[in-house]
Amino acid sequence: MQGRVIDLHDGTPIYGAILRIESTGQFAQTNEDGIYQFKNVCSEEFRLIITHSECQTIERRIQLNTNQSVDFELEHHINTLEEIVLSEKQKGNVNKSVAEARLTTTQIDQYSSQSLANALGSIPGVTSLKTGNAIAKPMIHGMYGSRVGIVAEGIRLQDQEWGADHAPTVDLNAFESVQLVKGASALKYGGDTAGGVIILNPFNPLPRDSLYGKTRLTGSSNGRGGALSSQWILTRGTGFFFSGQLTAKRFGDFISPNYMLTNTGLKEGNFNFKIGRTKVVKGWEFIYSRFQNETGILRAAHIGNIQDLLRALQSNTPLVEGPFSYAIDAPKQQGVHHSIQAKIYNRFSEQNKWKIDYNYQRNQRKEFDIRRGGRADLPALDLQLQTHSILGSIQKKLGFDWSFEWGINGYFQDNYSNPDTGVKRLIPDYLKYQWGSFLTGKYEPNNLGSFEWGLRMDQVYWDVQKYYSLKDWTNRGYNRLFPDFEKVFLSTQLLTQPKFQFTTLSAHSGFSYQLSQVLKSTAAYILSQRSPNAAELFSDGLHHSLATIEFGNLTLEKETSHKFLVSFSSEINPFSFSFEPYLARIHNYIYIAPKEVQQTIRGAFPVWEYNATEALLWGFDIQGTLNISPQFDFNVKTSFVRIKDLFQNQPVISIPPLQTNQILSYIFPKNEVRIEIENQFVASQSFFPDFNVVVSTLEEGKVVDQLVDFSTPPKAYSVYNLNISLPLRITPTLSGNIRFMIQNVTQTSYRDYLNRMRFYSDEIGRNGTIQLILNH
Amino acid sequence: MKFYQNLLKAFAFTIFAISISCTKEAPELVDEQELITTVRLAIKGPNNSLQVVEWKMDNSNTNSIQLTPETEYEVTISIWDESDPLDIENITDEVKLEADEHQFFYEFSGVNVVLKTATTDVLDSQNNPLYVVSSWNTGAKGQGTVQVFLIHDPTTKTSTNRAGFGGATDVQVSFDIRIE
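Residue numbers (this note's numbering), protein chains in the order written: chain Y, 1274 to 2049; chain F, 523 to 702.
These are computed hints drawn from the structure, not numbers from a lab. Remember, predicted model here, so these are calculated numbers, not experimental data. No residue lacks a Cβ here, since even glycine has one placed at the ideal position from N, Cα and C. Be aware that a few hints might be false.
Here are the in silico distance ranges between beta carbons for each label pair [as the list claims (entries may be wrong)]:
(1) Thr2021(Y) - Val636(F): 43 to 53 Å
(2) Gln588(F) - Val1870(Y): 54 to 64 Å
(3) Lys546(F) - Gly1814(Y): 19 to 29 Å
(4) Gln588(F) - Phe1762(Y): 49 to 59 Å
No farther apart than 16 Å at their CA atoms in a straight line, the calculated lysine to aspartate or glutamate pairs in the EDC-like style are these [what the hints assert, rightly or not]:
(5) Lys1540(Y) - Glu1558(Y)
(6) Lys1697(Y) - Asp643(F)
(7) Lys1831(Y) - Glu1887(Y)
(8) Lys1760(Y) - Asp698(F)
(9) Lys1697(Y) - Asp606(F)
(10) Lys1697(Y) - Asp1736(Y)
(11) Lys1831(Y) - Asp1813(Y)
(12) Lys546(F) - Asp1736(Y)
(13) Lys618(F) - Asp643(F)
(14) Lys1975(Y) - Asp603(F)
(15) Lys1697(Y) - Asp603(F)
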């Protein structure tokens, strides 16, 4: 029997770990590569104890078939603080029965100056829904927004996640690792995320006197800007720790291969600090973080009506183009996100532990449009979302094979929409109360398999105050359906107070099993229910970048998804691969689609309205690696997803097309310089709904009917990137990397189906980046 | 253990306190500042004859414009916010103040009308006409439509058709024209 022992966080080999077979007393030690070997193991079933001076001891029941390879993951850096291991934050897999992906520290470094969604794009099955280059929201298996949860510091991020043009207000640089779970199997954080959950984990403080940190400095040619991020951590042997982190980003206008993308610059400034104490039986933490950004939106994308969109579509270049500038003018977005958090945990007996997290978040979002009468400085949208969250849980272990967690989770949310904008509120004022309770369990009898299950119930209560135009209220039949909501009648407006209550149930059950020496599999069934979000129920307003009027729908009901996920992974040297197919049936799938074309004083506008249907979703993610030689690696990732609206018998809009990513890398054995060539191929989406409209325009005095084709996806594209990384060893305590990266080496002009700016401009062109990473 | 129980109590109390303590004030009605509800054309013909046509947001049954062949008309456009009958606002003034960023324009179909600036028109800083006051010269008899535009941030101010101006459309309405 042989295998490897690696660090749970970063996968690095652990040297000097001792493995002891309890019954026979046989033992083995790992070498520099973390590899151990037992010769002549007689018994077929035994208990193995793995110890290391700097790691937590683990115990596993092993079943041996023949000369088998078994790998272990140890939690490094924690010797005396066993209870931290019990905390969820870096416990390894959130759920063993669902395939999980992780961003490595190197990947986080590489994307230091970019957004979270861009960084996650390197995981198969994850794409992003973009508005230009800088505004990107992660999409998992074709789902985004409220169907994807983002968990930072153990608490769900509460921002205006429902807007398609809203990027998560979180700084990737503040976290040490990023886990991605496909499917709603992280029930602790909510049962409503049918797409998946992204878990951002901070550093783990060590109980020793030390001052360390990391600094990342990035400069890019495209956008002529860069980012600086620095983190310092002070720890004490008594368990006290203090950390501070700062990020600043600044970019000017980006450039596509053929033209300037006017007004696409951005600014971002974030900081956080953390103080706490971790001791053997108890600990606490206090965290404050602030995120602030300002992002310009392509000037040419601010249009008046559907005829303007037609003109934009007919032109190959943006209709407004200026010289390079760092200025960010309207249209633009501004966001500020504060978060204050307190955590406390206590291990009240050998096998049990409780913890409570309280968090307050304030998310402010302003959007500026081009306006008449000097109003461009006045936001057209001004929202403030405040959320109090509390999460309390108890973890219990029975023996070494059973573990349970029970907890309760409460939210109180207050949204305020400032009326001084002079523009009708897109999202109304509301109060939202939510509470939930969950119970999860795991049975892990031996190294061959594990079984997991979980249940969660939530209740959401909405108390909303919203003005409807009397005409809309009666046209939609709401006067008959919801007479109780009517409060104050004004001449043309009606103040209503909609109140809704939703009860949702989520469940998860799955197992992982070692099918043979080289083949491992997992299978899971996940039930997730989601109540409609604020935009789906109440949105009411105009979107300038698409010339659409968007309407919520009060008659929506909760969405129920049944998802089956299976995965097979295998390692046969020099080849390893994983195959993860999935299938979901979604009842009351909420989507937005054009309903009619409305004639207004501005001309024609398609009206988009939220509605529900029955949807079927299926797809797969594949990953393969071939170690051609110790220096040469070839890695390929492919993902495919399809969602069909079963009522309309047509595809669902904005679903990522087939994509493949290939990386060929070479490491020079002497100096560890690494060269990577990456190719990204994205097919054209052939499975899309046709929502095109015909408008009348005048051409040389004649009325001509023209098709406004905003449905047909752009052509397939292929982009090459080049990365070179050089390790730096300045002193024993100061090391790092220098990295040279070129994206879109060949200056390919292309447009992406999932970018809302695709009607107006190409994606950005070649971008050369120099990056310095220092671990100090 | 006692500490733990106390914490659970605190937890329950927090949830309870939050749930009952909040009632929200009724939101203010938004005063929509850039709303245009009415487009009005005052068409002055020979002998000071005056014809006024309107396109209203809530009632789009507009009158058609009656013109006679081979005649010159002076057309004055005005746009209004009449959403509050007690506070009617003339938006044209705002547009005149920002003449450089705006452009009124007319496009005809089915009828022969030549559009020119009028002597009393408003000019922008580059002396381009805003077409607030324009001159329409009719040709032969016919029936057709005129499309009225207000363009925000046009890419040029010297185009002869709507497409050439670029920019974002703030107003686009259509009136029937009869020349007989």
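Quick rundown of the hints versus the structure:
| no. | hint | verdict |
| --- | --- | --- |
| 1 | Thr2021(Y) - Val636(F): 43 to 53 Å | 48 Å, holds |
| 2 | Gln588(F) - Val1870(Y): 54 to 64 Å | 30 Å, violated |
| 3 | Lys546(F) - Gly1814(Y): 19 to 29 Å | 21 Å, holds |
| 4 | Gln588(F) - Phe1762(Y): 49 to 59 Å | 40 Å, violated |
| 5 | Lys1540(Y) - Glu1558(Y) | 30 Å, violated |
| 6 | Lys1697(Y) - Asp643(F) | 34 Å, violated |
| 7 | Lys1831(Y) - Glu1887(Y) | 12 Å, holds |
| 8 | Lys1760(Y) - Asp698(F) | 42 Å, violated |
| 9 | Lys1697(Y) - Asp606(F) | 15 Å, holds |
| 10 | Lys1697(Y) - Asp1736(Y) | 19 Å, violated |
| 11 | Lys1831(Y) - Asp1813(Y) | 20 Å, violated |
| 12 | Lys546(F) - Asp1736(Y) | 9 Å, holds |
| 13 | Lys618(F) - Asp643(F) | 10 Å, holds |
| 14 | Lys1975(Y) - Asp603(F) | 31 Å, violated |
| 15 | Lys1697(Y) - Asp603(F) | 15 Å, holds |
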